[in-house]
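As they're listed, the protein sequences go chains A and B.
If you're matching positions, the first sequence starts at 1 in the working numbering and goes up one per residue.
If you're matching positions, the second sequence starts at 1001 in the working numbering and goes up one per residue.
Check each hint, because a few of them may be wrong.
[To be verified] Pairs of lysine-lysine residues, derived as BS3-like cross-links and limited to a Cα-Cα distance of at most 27 angstroms, are as follows:
hint	chain 1	residue 1	chain 2	residue 2
1	A	K271	B	K1112
2	A	K271	B	K1276
3	B	K1031	A	K283
4	B	K1155	A	K283
5	B	K1017	B	K1110
6	A	K200	A	K173
7	A	K271	B	K1363
8	A	K275	B	K1031
9	A	K283	B	K1112
[To be verified] Pair by pair, the computed Cβ-Cβ distance ranges are:
hint	chain 1	residue 1	chain 2	residue 2	range
10	B	N1172	A	R371	47 to 55 angstroms
11	B	E1056	A	L536	32 to 40 angstroms
12	A	W340	B	S1134	56 to 64 angstroms
13	A	P441	B	R1180	35 to 43 angstroms
14	A	I40	B	S1134	53 to 61 angstroms
In case anyone wonders, no lab produced these hints; they're calculated from the structure.
Backbone N, C-alpha and C fix where the C-beta goes; we use that ideal spot for every residue, glycine too.
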Amino acid sequence: MAQSGIMRFLDSLSSKRGIRHIVYSFSVIFFFALILLPPILGIILKWNTMGQILEAPDLLSRAMDSIYASFAIAIFVSTIDILAGLPMAWFIARGKSRWLSVLDTLTDVPFIVPTVTLGYSFLLFWSEPQGISSLFGVDSLVSPGWLLIILLHFAFSYPAVVRVMVGALLDYKQEYEEAARTLGATPFTADRTVTLPILKHSLIAAFTLAFARSISETGATMMVAGTFQHGPIFIKTHLDQEGTLVFVSFILIAVSCLIYAAIRLLGPRLKMPVKRVWPTTEKRLSSSGVVTLRNSVTFLAFFLMVLIPTLFVALPAGRAIFSGTLNKALAGLYPWEGYWHSLTLSYLVGAVVTLLNVLLSLPMAILIARRRIGTVPSAILDILVNIPMIIPSTALGASLGIFWKENFAFAPEIWLLIFAHLSITYPYFVRSMSAAVERIPIELEEASRTLGARPFRVFKTVILPLTKYSLLAGAIMMFTRSVDETGATIAVVTELRTAPVLLVDWVNLLQQGKLTSLDMGLGCGFLVIFSFIILLILRFIARGRR
Amino acid sequence: MPEVRLVNVTKTFGKGKIVAVDNVSFRVEDKEYFSLLGPSGCGKTTLLRIIAGLVEPDEGEIYIGGKLVNDVAPEDRGVGFVFQTFALFPHMDVWDNVTYGPLVKAWEEKDKKNIGREMLEMVKLFERLDAFPSELSGGMMQRVALARALAAGAKLLLLDEPLGQLDAKIRNELRYELRRFVTDLELTGIHVTHDQAEAMAISDRIAVMRKGRILQVGTPQELYMRPQHLFVAHFIGESNFLEGYVSKATGKESVIELRGGLLVRTLDKTHKRDDKVIVAVRPEVLTIEKGKKEGINTFFGEVERFRFEGTNTRCEIRLENGDSVIVVRPALMAEWLEVGEKVSVSFPVEKNFVFAYPEKGLKEELALE
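One chain only, chain A, in its complex shape (with noise of 0.2 angstroms):
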């Protein structure tokens, strides 16, 4: 009864004009002032202090270099993983096989496993003796440096392409494709000249996604860097210099937010090339044997660079729990008196987070998919709730503790951390739920509306029920990246300590040979654990969606 009584109190306030502006303006204010604008304001506030990096040259040069190379590396890493991610999501999408559920599942293991674990684990895989390069008698077939860093990129990038055009080919109406069979094309002309076309802002979403992933990744990286420095890695060795630090954080962000202002503008007009055709090829290129070679070579990569290195980690974390380190874990001995305390600093900060974010974005995301304040507007409001996931999260993270230890000294660190992940999650969810309520038709709310129901009862009876996959997924993406999340955190915490960071330095202790590689697999192992398990929950959320 108590709780009808709420629901009344609620649906009466819903149907009130004035509540709802407050609603919607309320997330509108968080949006800006919590997430949007601290990084930019943080900048803003040490603009002067640029000075000091443009009188260094020497200092100023390895600036340079660092940015060139992360948007060189993302940019490539992009333009391969669509190159080896498409066949494998055309494979999925389009094949026949009862075992197509097995492989779209493996594909989605880079993407659910923590990053700092997918570093550490190629790390193990291309860089170690044990790895691969035991297999050719060498100690270190890929050495730290910036090839390591395009593999593991590469890897972490790839579910995000195949998650994106499985989801696309699924939606996509074959129709036209046997329309171009009909019309006397082949299965690649079809493909090339039809289906990619009408693909094309899929291809562009996916492109950007795993640009994003690649731009923003720190905690991985510096695990497999070596000396080379990239972006991220630069703010990192430089925290302490604060003019570097806005100048660096200020070039990765300006540069990231005029290439994803690039993608969205100029896709959309890019043209494929359409108007020429070479049968004899194409046909050629169609043929069985061509297509089976395509497809062991799609296999190949996806085993050997993604799969089996994410995995590798297994190993180490298998022996450690044979060999006593497990006990020593649990006992909390060194060098594990920090880890649970990290592991659960991390959950508890992606749960809060997660719950902050989904009462606070969800007006927003209705407010986006059902252009509530007008078409340009809502479109704009769609562009700047991105702008935290496509920029780097350690110039994010860098900017943001500017901002907050400058004006907001007197704040403890957890709020740093929470404020941090807060923005870097946010695009997440309400990417997700605006989709997903787009997807809705209007007349389902208009006719619940005309049947007599109040706006909170249209919500909770119509666009609930038919968007809790949606929404659970989306708390499950932000959730996961928060606990994730290592290149803002750094940049923003100096005491705490969550997962993510602590395995970062348990990287740098193994190197000084205070670790041991058991400790470093199990510490891994744990996370990949509690990943598997929200893993299974994915799965069991997109069964239920079917």
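Since the structure of chain A is provided, determine the placement of chain B on it from the hints.
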């Protein structure tokens, strides 16, 4: 040249649980306009897609122009396919859509331009060549889809409910236009539809399908005048169905006793005494007279409903034995009746069809799904 022959074609889905096409054989002659007619889900679209090569049959053979094409890819079968949703490429304008076939077949630029122009002029859309599909009306999209299929040089045109998405008025206009194009260009056409009026209006021959099987193939007149299956009598046109037993069979004619002892005289020679049968009578062959009349195949009853439907009037009459019949008369010639009015209905001895009573019952036999 492109006559089409299907021999024992079967297609199942869901590991054999759903039989979409069940052992179907038929032949479509060169330059013939042939329709596959049946209710939704009867397998007609699957059959068309099998002919186009878009779906592989589990069993059976498909011949186009005398050549076995089971292993020939869709792009090499030389067919033009018009989809129900038109499937116009949204990223291409009208010109690029229409010339897509010549483009992928690497025709000479001059030939490509000529055929594109010719086809667009034929469908009266040359002035809209730079419009995108989203800027066209349903009727225009249908014309572009047709021009695109024809520009690829196909002599066999496959049409999957090509008028299904259009308004009734435009549909009626376009169906004759469609037929004229096929005749003028001397093509063979196979047209899938669930609209019997559409199939009757434009087809040389029609195959009536139900649950994956072909029940009867014939000209529109044959199907209407001499249905060989209860479902065909029901689906092509309209019929009243009266249940009864053969009480007298002379070899020249028979008498069927309906419920309540009503007697129907027919020219049926195929059933013997005591067979349970269904007599089918078209609503338009029944006549109505006010009051109680005597005569052969004349029955007394009461008007239950009377409706004016524009061209016709429709009258539902409850006979004295409890059976119900519908009588359709041209509105200008019909007598206007009141509900509850006593009338007599009658029909000629030669204007009815007698079918054996179906094993699974009448309702099941007439069910559309």
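Evaluation of the provided hints:
| no. | hint | in the structure |
| --- | --- | --- |
| 1 | A/K271 <-> B/K1112 | holds (22 angstroms) |
| 2 | A/K271 <-> B/K1276 | violated (70 angstroms) |
| 3 | B/K1031 <-> A/K283 | violated (31 angstroms) |
| 4 | B/K1155 <-> A/K283 | holds (23 angstroms) |
| 5 | B/K1017 <-> B/K1110 | violated (51 angstroms) |
| 6 | A/K200 <-> A/K173 | holds (14 angstroms) |
| 7 | A/K271 <-> B/K1363 | violated (57 angstroms) |
| 8 | A/K275 <-> B/K1031 | violated (33 angstroms) |
| 9 | A/K283 <-> B/K1112 | holds (20 angstroms) |
| 10 | B/N1172 <-> A/R371: 47 to 55 angstroms | violated (40 angstroms) |
| 11 | B/E1056 <-> A/L536: 32 to 40 angstroms | holds (37 angstroms) |
| 12 | A/W340 <-> B/S1134: 56 to 64 angstroms | holds (58 angstroms) |
| 13 | A/P441 <-> B/R1180: 35 to 43 angstroms | holds (40 angstroms) |
| 14 | A/I40 <-> B/S1134: 53 to 61 angstroms | violated (39 angstroms) |
Hint violations for this structure: numbers 2, 3, 5, 7, 8, 10 and 14, all remaining hints satisfied.
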